[in-house]
Amino acid sequence: MNKTPIRLGPLALLLCMISICLTSLSMVSFANASANMRQAERYAKTVKTRYSLEQKGQEFLRDLDDQVSEETIVKEFVEDGYQLSIEIEKTGESHEVKYWKIKKIWEEDEKIDDLWEG
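For what it's worth, our numbering labels the leading residue of the sequence shown as 546, then goes sequentially.
Accuracy of the hints is not assured; some may be wrong.
[To be verified] Subject to a maximum C-alpha distance of 30 Å in a straight line, what follows is the list of computed BS3-like cross-link-like pairs (lysine-lysine): (1) K656 - K643; (2) K649 - K593; (3) K620 - K646; (4) K590 - K548; (5) K648 - K593.
[Said to hold, decoys possible] Simulated restraints, written as ranges between beta carbons of each label pair: (6) I647 - A585: 42 to 48 Å; (7) D608 - D658: 33 to 39 Å; (8) N547 - S569: 40 to 46 Å.
These are computed hints drawn from the structure, not numbers from a lab. All C-beta atoms, glycine included, are put in the ideal place defined by N, C-alpha and C.
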């Protein structure tokens, strides 16, 4: 009976490469999942703010008095860096919404003193 030795070198190298690949893939998957979670939380906060502004605007329209003597009513609501601008015009005995816009309040970046302007 002739015994042939089993070579474990190539098999060990293959298993080592497989474990390295699986480890790196799991790390990339975890990083991607956590980034998606942060983005989803930011989006949820934005949607909540926008819906809150819409609710305030609708409540303002609901409570608008028909006895208002002004021809044009302009109202703004601000919450968490977003602004709802409403313009309402009186037409006869009713009111007509002329402008209804939600926008993010933008602030200009401050100038950096030592930056070369080329």
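A quick look at each hint next to the structure:
1. Proposed proximity of K656 and K643 is contradicted: the alpha carbons are some 37 Å apart, above 30 Å.
2. A C-alpha spacing of about 14 Å is found between K649 and K593, which places the hinted pair at or below 30 Å, so the restraint holds.
3. Annotation: proposed proximity of K620 to K646 holds, straight-line Cα distance about 11 Å (limit 30 Å).
4. Between K590 and K548 the alpha-carbon distance is near 70 Å, which puts this suggested pair outside the 30 Å criterion.
5. Restraint check for K648 and K593: satisfied, since their Cα atoms lie roughly 14 Å apart, inside the 30 Å limit.
6. Between I647 and A585 the beta carbons are some 21 Å apart, a value that contradicts the proposed interval 42 to 48 Å.
7. A beta carbon spacing of about 49 Å between D608 and D658 contradicts the range 33 to 39 Å that was offered as a hint.
8. At about 42 Å, the beta-carbon gap between N547 and S569 stays in the expected band of 40 to 46 Å.
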